[in-house]
Amino acid sequence: MSTPTAEPDSYYQRTGERHFKPTAHAQGAWHTDEQHFSPVGGLIAHAIDRHRADRRAEGGRPGDALALARISYDILGLIALDECEITVETVRPGRTIELVEAVLTVAGRAVVRARAWYLAESDTSAVAGTHDQPLPAPEEFEPWAMADQWNGGYIASLDARRRSAAPGRAAAWLSTPLDLVAGEPCGPHAAFIALVDTANGIAVRQDPTVWMFPNTDLTIHFHRRPGGRWTGLDTAVTFGPAGHGVTSTVLHDVDGPVGRAEQILTVRALNGG
Numbered sequence: 001m002s003t004p005t006a007e008p009d010s011y012y013q014r015t016g017e018r019h020f021k022p023t024a025h026a027q028g029a030w031h032t033d034e035q036h037f038s039p040v041g042g043l044i045a046h047a048i049d050r051h052r053a054d055r056r057a058e059g060g061r062p063g064d065a066l067a068l069a070r071i072s073y074d075i076l077g078l079i080a081l082d083e084c085e086i087t088v089e090t091v092r093p094g095r096t097i098e099l100v101e102a103v104l105t106v107a108g109r110a111v112v113r114a115r116a117w118y119l120a121e122s123d124t125s126a127v128a129g130t131h132d133q134p135l136p137a138p139e140e141f142e143p144w145a146m147a148d149q150w151n152g153g154y155i156a157s158l159d160a161r162r163r164s165a166a167p168g169r170a171a172a173w174l175s176t177p178l179d180l181v182a183g184e185p186c187g188p189h190a191a192f193i194a195l196v197d198t199a200n201g202i203a204v205r206q207d208p209t210v211w212m213f214p215n216t217d218l219t220i221h222f223h224r225r226p227g228g229r230w231t232g233l234d235t236a237v238t239f240g241p242a243g244h245g246v247t248s249t250v251l252h253d254v255d256g257p258v259g260r261a262e263q264i265l266t267v268r269a270l271n272g273g
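All residue numbers for the sequence shown refer to the UniProt record's numbering, where the first residue is 1 and numbers rise by one.
Derived from the structure by calculation, the hints contain no laboratory data. Careful: at least some of the hints might be erroneous.
[To be verified] Result set (SDA-like, lysine to any residue): computed pairs, CA atoms no more than 25 Å apart in a straight line:
#1 Lys21 <-> Thr87
#2 Lys21 <-> Arg163
#3 Lys21 <-> Asp49
#4 Lys21 <-> Thr96
#5 Lys21 <-> Ala269
#6 Lys21 <-> Glu140
#7 Lys21 <-> Val181
#8 Lys21 <-> Gly59
#9 Lys21 <-> Ala126
#10 Lys21 <-> Asp179
#11 Lys21 <-> Pro136
#12 Lys21 <-> His51
#13 Lys21 <-> Cys186
#14 Lys21 <-> Ala137
#15 Lys21 <-> His31
#16 Lys21 <-> Asp9
#17 Lys21 <-> Trp144
[What the hints assert, rightly or not] With beta-carbon atoms standing in for the labels, derived distance ranges:
#18 Ser122 <-> Asp148: 32 to 40 Å
#19 Asp148 <-> Asp54: 17 to 25 Å
#20 Arg224 <-> Pro177: 33 to 41 Å
#21 Thr216 <-> Gln133: 25 to 33 Å
#22 Ala145 <-> Gly94: 43 to 51 Å
#23 Asp132 <-> Ser175: 19 to 27 Å
#24 Ala128 <-> Asp33: 21 to 29 Å
#25 Pro93 <-> Gly256: 14 to 22 Å
#26 Gln149 <-> Glu58: 45 to 53 Å
#27 Pro177 <-> Gly16: 34 to 42 Å
#28 Ser122 <-> Gln149: 19 to 27 Å
#29 Thr124 <-> Ser248: 37 to 45 Å
#30 Gly59 <-> Met212: 42 to 50 Å
#31 Val127 <-> Ala107: 46 to 54 Å
Built from N, CA and C at the ideal position, the CB exists for glycine as well.
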């Protein structure tokens, strides 16, 4: 495995048309030799954005009336802290509905498969509404030294603010000063998604040095486009009786709720705990 680049201002550097090398800031929390899935998820969303922009340019389409409504990721194994390749294809093209698929490989092995649905936008402001309540502003939350509980370069890169209600229940605001990919502008969805997988670490139900509870997927639904530098997470964690769990999150930007995220967990004791 090659040594990750220690570039101070990004999670990744582009090394080819479809290739990216992680910096030390992409390091995971469970293992020092893996990537944290949060920046990986954002990187895949960024690659999908670039693919769709290239298709529009090739087809002479000046605009895009479709918006990301759902993106789901299946995590097939440990994502080594090494150069990765992302291939993207449009599975179902359309003027009002589009499905795009991406596969991230490391050393020739597929480790993440993602599918993104894009839907046409129209004016439904007259009937818009949700039962999800806005979070208080980031300034109303206390700064949280997340690195006191979790290891890794990704966690150390975050500006985190948190309110904890009980084990397995918390709300937090996250932001980062780092670019997703060095020297490349990043769309609002990719920038937002790059922080969402952190939800599984803000509302721990059990001590992560005694119990392990990594997620094997991440599914995000959006009912509007996110904006701004903050990703808000209102999270509840459930552990079942047979080694499975679910992390459920209402997603926010500073203007209010934007969607939901779900993560399935494999729960197991460490060191016989």
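To see whether the hints hold, each was checked on the structure:
no.: 1; hint: Lys21 <-> Thr87; in the structure: holds (15 Å)
no.: 2; hint: Lys21 <-> Arg163; in the structure: violated (34 Å)
no.: 3; hint: Lys21 <-> Asp49; in the structure: holds (19 Å)
no.: 4; hint: Lys21 <-> Thr96; in the structure: violated (35 Å)
no.: 5; hint: Lys21 <-> Ala269; in the structure: violated (33 Å)
no.: 6; hint: Lys21 <-> Glu140; in the structure: violated (36 Å)
no.: 7; hint: Lys21 <-> Val181; in the structure: holds (9 Å)
no.: 8; hint: Lys21 <-> Gly59; in the structure: violated (30 Å)
no.: 9; hint: Lys21 <-> Ala126; in the structure: violated (45 Å)
no.: 10; hint: Lys21 <-> Asp179; in the structure: holds (14 Å)
no.: 11; hint: Lys21 <-> Pro136; in the structure: violated (36 Å)
no.: 12; hint: Lys21 <-> His51; in the structure: holds (19 Å)
no.: 13; hint: Lys21 <-> Cys186; in the structure: holds (17 Å)
no.: 14; hint: Lys21 <-> Ala137; in the structure: violated (34 Å)
no.: 15; hint: Lys21 <-> His31; in the structure: holds (18 Å)
no.: 16; hint: Lys21 <-> Asp9; in the structure: holds (14 Å)
no.: 17; hint: Lys21 <-> Trp144; in the structure: violated (29 Å)
no.: 18; hint: Ser122 <-> Asp148: 32 to 40 Å; in the structure: violated (46 Å)
no.: 19; hint: Asp148 <-> Asp54: 17 to 25 Å; in the structure: violated (43 Å)
no.: 20; hint: Arg224 <-> Pro177: 33 to 41 Å; in the structure: violated (25 Å)
no.: 21; hint: Thr216 <-> Gln133: 25 to 33 Å; in the structure: holds (30 Å)
no.: 22; hint: Ala145 <-> Gly94: 43 to 51 Å; in the structure: holds (47 Å)
no.: 23; hint: Asp132 <-> Ser175: 19 to 27 Å; in the structure: holds (21 Å)
no.: 24; hint: Ala128 <-> Asp33: 21 to 29 Å; in the structure: violated (45 Å)
no.: 25; hint: Pro93 <-> Gly256: 14 to 22 Å; in the structure: violated (32 Å)
no.: 26; hint: Gln149 <-> Glu58: 45 to 53 Å; in the structure: holds (47 Å)
no.: 27; hint: Pro177 <-> Gly16: 34 to 42 Å; in the structure: violated (26 Å)
no.: 28; hint: Ser122 <-> Gln149: 19 to 27 Å; in the structure: violated (44 Å)
no.: 29; hint: Thr124 <-> Ser248: 37 to 45 Å; in the structure: violated (25 Å)
no.: 30; hint: Gly59 <-> Met212: 42 to 50 Å; in the structure: holds (46 Å)
no.: 31; hint: Val127 <-> Ala107: 46 to 54 Å; in the structure: holds (49 Å)
Checked against the numbered hints given earlier, this structure breaks hints 2, 4, 5, 6, 8, 9, 11, 14, 17, 18, 19, 20, 24, 25, 27, 28, 29; the rest are met.
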